[in-house]
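Colleague: Next come the chains, spelled out residue by residue.
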Amino acid sequence: MPYRLIACAVTIVFAASTGIAVAQTVKIGFISTYSGPTAAQGDQLDKGVKLFRKLNGDKLPPGVSAELLVRDDGGANPDNAKRIAQELIVRDKVQFLTGLVWTPNAASIAPLAAEAKVPFISMNAAGVAIPYSSDYFARVSFTLWQSSYPLGQWAAKKFKRVFTVVSDFAPGHEAEEAFTKAFRDGGGEIVGSIRTPLATTDFAPFMQRVKDAKPDALFAFNPAGKQATAQMKAYGDLGLDKAGVKYIGPGDLTTDEELQAMGDVALGVTTVHHYSAAADRPANKAYVAAYKKEYGANLNPGFMSVGAWDAMQLIYDAIAAAKGKVEPQATMDFIRQYKNPNSPRGPIALDPQTRDIVQNEYLREVRKVGGQLANVELEIVGEMIKDPWKQFNPKK
Amino acid sequence: MQEFASSLVSVAFHGVAYGMILYVISVGLSVTMGLMGFVNLAHGVFAMAGGYIMLSAMNDHGVPFPLALALAFVSVAAASVVLERLLYARLYTASDLEQVLLTIGLIFMAVALARLIYGTLQQPVFLPAYLKGQYELLGRDFPAYRAFLIVFGALLVAGLWFGVERTRWGAKVRAAVDNRPMAQAIGINTSLLFTATFALGSGLAALGGALGADIIAIQPIYPFEHLVYFLIVVAVGGMGSLRGAFAAALLIGISDTACKYWLPEFGAFFIYAATIAILLWRPAGLFGKA
Amino acid sequence: MIRAGYLSDPRLRPLEWLPWVLAIACFFTAPTYLPLGSYVLIMMLFALSLDLILGFAGIITLGHAAYFGFGAYVAAIFALRVSADPLAGLVVSALAAGILGCLTGLVILRTRGLTLLMLTLAITSICFEIANKASTWTGGADGLGGFTMQPILGLFKFDLFNRTAYLYCLVFLFLAWWLVRRLIYSPFGASLTGMRDNVVRMHAVGSPVYQRLVAAYTISATLAGAAGALLTQITQFVGLKVLSFDLSGDLLVMLILGGVGRIYGAFVGPVVFLLAQDSLAKQFPEYWYFGIGLLLVLVVMFARGGILGIVDRLVSRRGSS
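Residue numbers (this note's numbering), protein chains in the order written: chain A, 1 to 396; chain B, 1 to 290; chain C, 1 to 321.
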C-alpha cells in the first residue's frame, strides 16, 4: 500500500517538474558603475535598463519573469568586477551577465563567463579583442574601429593634414589606429599625434601644440563625458575653430546626454557614430519620447542607454525563444543569429563568427535644431558594417 | 628658435593661470595647517562647494558672474565657521591620525551629498561673454579667461600680502603662527583669530574652486581627485607660508603645463618625482620653518 | 580583547583561537560566500600589515597600497612570464615588496608628520603612474590578465567557487598573524610602541629609532605585498585599483573601525566593513558612502578605540560593577 502511494507521489512530482505551468524566474546579473568619477556613464546604462523594464518588462511568455540583480563595479576595477561576476554566478546563480561600462572589467569577466557557461552580453565595453577571449561573450554596443575607420575613409577625401589627440588608454589607441590606417590608406598625412593622460582636466597645452602645427582638422577621442567636454572647451578657448581647424572624431565626443553642456563651441563638429538622439526614424522618436517622459524633458538619451535598451531586448528575446528555460549553448546559438531591425539606432545584428555587433554608422554634424544642439545624421558611411579590426586581425 | 620662444611664452601663460587657481585654493590650507596645526584633508570640499554654489546661482537663478563669486565666498566662509566651532575645534589637541581620519570622513560625506544633490555629471560652466574669446599680443593668441585668472590672482596675492604684512590682524596671525602660547599670553584672542582665519581660508578655497571651474571640473569626486595637488602645494611651499604656497603653486602649474606640452606621455610623474625630491631636500618645504 | 604588548602575558588566550575557528566554520557553512570570504581574509592580512606600522610604530601613512599593489603586479608579471606556480610567485612578490619597502623606508622615514604623509602619498602616486604607463609590462589601464595559476603544490586546483583560494589565504593569514604576534610581544615590539608614544625619549635612551622604524616598515611592506600577491593569484587578474589612494583610504577606515594597535582590530574591522558593504552598498551606494563618512567622524569624536575599544569599555565596566 505505501509503495503505491510513493509511486503516485513520485509520478506527480516528475510530471510537475517536466514543465506544466510552473512560475520561472530568469536571473539577470547587471553590473554597472554607480560610484566613483565615472558614475555618469553607468547612470546611462541604468536608465536604459530601467526604462526597458518599465515599458517591456512583462513581455515574456506566461509564467516567466525576469529578475534583475544590480551590482556596482565602482569604475574601471577589473579585479573587483571579476569578483562581483563570480559572486553573481556562484551565489546568485544568474543565467545572464550584462552591463559593463568598462573594457578592462569586461575583459576580466569574459573568460569567467566561458568557464561557467553563462552568456555575457556587453552593453557598452567596446574593446575589440574581447570576443576572441571567450565564446560566451556577445556585444550589443559598438567598437572604436567601427566608427573611426569609416571616419578616416571619409576624412581622406576632404582633408590633407590631420593632427590626432586621443586619451591614453585602449579605446583611445583603437580610435587612433583605426583612423590613422584609413586616413593614410586614403592618401592623407598625419602631421602629429598626442596621447593625453586619462586624468587630464586642462587640455589647453595640448590644443596649443595642435594650433602650432596648423592642420586641416583635429581628430580627437576622449571618454564620453567630462573629458570630451573639457577638450572641446579648450579647442574653443584657443581659437582653433576660428583658425580653420575642423574638429572630428567618433560620436563619443558629442554624446547626446552631455551635448547641451558643451555650448555653441560644439557647432559644426563632425562625427561618425551609430546613434544620435536627433535621428527621426520612428523607433528612435518613440524611444526619446519615452525617455524624456520618464527622466525629464530636458534630458536626452545617449548611445549608452540605447546599448542597454537593445541588450535587454536581446536578452528578453532569448528568454522568450527558450520559453523561460534558458540553456547556455542554445542561448548562444540564438544570439549568434540575432537580428533586430527596430532598434532606436536603426537595424542591428550580431556577427555569427565573432558575436560582435553589426550596425550602420552615420556621419553627423552638430547643428542647432529647435534652439537645441543636436547630432544631425547626414548620411550612412558604413552600411551594416562589421568591426573592421577583426577583418584585419582574424582569430588564429 | 622663434617657435620655441613662442611656445615657451604660451606654456608660461597657461601654467601661471593654472598655478593661480591652485594658489587661491591652497593658500587657505597652508595657513590653517601652519596656524592651527590641523591636518585638514577636507579642504577640497570647500573648493568644490564654492564651485557648486557659483554654478547653481549662475545656471539656475541667473545670478551674474561677479555676484555669484561673492556669494560662493561668503556662504562657504560662513558654513566653515559652523564646521570649525562644532567639529574642528574639539580636535585641535588630538593626534595627527585622528585629524586625518575626521577630515577623510568629512570628504566621504561631502562627496555622497554632492552626488545626491547634483547628480554625477559635471556641472556645465557658461562664462559671461566679456570673459570669453582671445586677446592678441605679439603674434600669439591668449584666451581671455586665463588672462583674467592671472590678473585676479595677482590682485589677490597683493591683497593677502598687504593684509598679512601691513595690518594689525596680519601681525596677530603671524604672532600666533610663530608662538601660540606667547601670543595668548600677551592677550591675543587666538581662538577668535583661528575661526576668522579659517573662515578666510575656506572662503578663498571656495573662490578658487569657483574661478577654476572651467579648468578643474566641478563634480562630486573633486575633493579626492585633487587632494594630492593641494597637499603638494602646501607641503612643498611650507606650511603657514603665503610666499611658499605662491611659489609652489606657480612651480607646479608651470611644470605640469610644460610637461603636458613637451612630454605628454609622462603625465603627472614629473610632479610627484619633483615633490619627493624637494621634500627630501627640504622637509619643511621651500619656505617653511623647520 | 586585551591590548597586546610586551608587558602582557605572551601566551595564547583561548579567545584568540576564536577567529580561526570562525574562519573554518565559514568554509563549511557558507560555501557560496567564499569569493567574498577570500577577499576579507586578504584585507585582514593587509590591515594587519598596516596595524604593525600605524598602530604600533605610529607611522601615519596614506600610501600603503604602494606595497600591496607592487606585490600584486609582481605576482601577475611573474605568473605570466616566469612561472604560474602560486607558492613561488607569492614568495617572490612578498620579497620584492619588502625590498621596495626597505628602500623607500630608508629614504622617507627620516621625516615626520605632514612631510612623511605627503611622501607616502607621492610614492604611491608614482607607482600608480608607472603602472599606468608601462603597459607592455603592466597592461596599463586595462590591467593584466590572461594567466591561469597552477594548482598549489601540484595538488589543489583553483576552482570557480574559491574553495582552494579561501584556504590558501587562510593559511598565509595565520602565518602572518603568528609572526606579527611574536614581534609585538618581543622587545622589538616594545621599542615600536615606545617610538609611537614618545620618540624623543627613545632617542634619549639610545634606542636605534631609525633602524627599528625601517625594519618594521620593511616587514609591513612584505606582508602587504603578500596580500597583494594573494589577490592577484586568486582572481587571476590585476588592475590599477591595487595602487590607488582609494584603497589606502578604505584600508585605513577598516582598521580604525576595528581598533588600531590591537592586532585583532585588523580582523574585526575588515569583516564588519566588507560585510556591511556587501549588503548595503549594493542598494544605496550614495547612502553607504555617506554612512561610512559619518561613522568615521563619530568614531573619531566618541569611540577612539574602534569596535574593540567599545568592547573593552563594556567589559571593564561589567568587571568593575
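A couple of the hints might just be wrong.
Unchecked claim - Derived DSS-like pairs (lysine-lysine); straight-line CA-CA distance at most 27 angstroms:
id, chain 1, residue 1, chain 2, residue 2
1, A, K54, A, K181
2, A, K50, A, K292
3, A, K292, A, K160
4, A, K157, A, K339
5, A, K214, B, K132
6, A, K158, A, K93
7, A, K339, A, K59
8, C, K157, A, K93
9, A, K211, A, K292
10, A, K211, B, K132
11, A, K54, A, K160
12, A, K93, A, K157
13, A, K211, A, K158
14, C, K133, A, K117
15, A, K181, A, K157
16, A, K181, C, K157
17, B, K172, A, K368
18, A, K54, A, K27
19, A, K246, B, K132
20, A, K214, A, K158
21, A, K242, B, K132
22, A, K246, A, K50
23, A, K50, A, K157
Read the hints as simulated data drawn from the structure, not as lab findings.
Colleague: For the pair we were handed, K246 of chain A and K132 of chain B, check the Cα-Cα distance against 27 angstroms.
Modeller: 20 angstroms, holds
Colleague: Starting from K157 of chain C, check that the Cα of K93 of chain A is at most 27 angstroms away, please.
Modeller: Holds: K157 of chain C and K93 of chain A sit about 22 angstroms apart, inside 27 angstroms.
Colleague: Need the status of pair K242 of chain A, K132 of chain B: alpha-carbon distance at most 27 angstroms?
Modeller: 14 angstroms, holds
Colleague: Straight-line Cα separation of K172 of chain B and K368 of chain A no greater than 27 angstroms?
Modeller: Since the Cα atoms of K172 of chain B and K368 of chain A sit roughly 58 angstroms apart, the hinted pair is violated (cutoff 27 angstroms).
Colleague: Take a quick look at whether K93 of chain A and K157 of chain A sit within 27 angstroms of each other, Cα to Cα.
Modeller: 52 angstroms, violated
Colleague: Does K160 of chain A sit within 27 angstroms of K54 of chain A, going by the straight-line distance between their CA atoms?
Modeller: 49 angstroms, violated
Colleague: Keeping to a limit of 27 angstroms between CA atoms, is the pair of K133 of chain C and K117 of chain A held or broken?
Modeller: Cα-Cα ~34 angstroms, so violated.
Colleague: Going straight from one Cα to the other, do K214 of chain A and K132 of chain B come out at no more than 27 angstroms?
Modeller: 22 angstroms, holds
Colleague: Given the proposed pairing of K157 of chain A with K339 of chain A, does the C-alpha separation stay at or below 27 angstroms?
Modeller: 33 angstroms, violated
Colleague: Need the status of pair K158 of chain A, K93 of chain A: alpha-carbon distance at most 27 angstroms?
Modeller: This hinted pair is violated, its Cα atoms lying about 53 angstroms apart.
Colleague: Is K54 of chain A within 27 angstroms of K181 of chain A, Cα to Cα?
Modeller: Given that 27 angstroms is the threshold and the Cα spacing comes to 43 angstroms, the pair is violated.
Colleague: So if I understand the rule, the pair passes when the alpha-carbon distance is 27 angstroms or less; does K211 of chain A with K292 of chain A pass?
Modeller: 39 angstroms, violated
Hints 1, 3, 4, 6, 9, 11, 12, 14, 16, 17, 22, 23, counting from the list given before, are not met by this structure.
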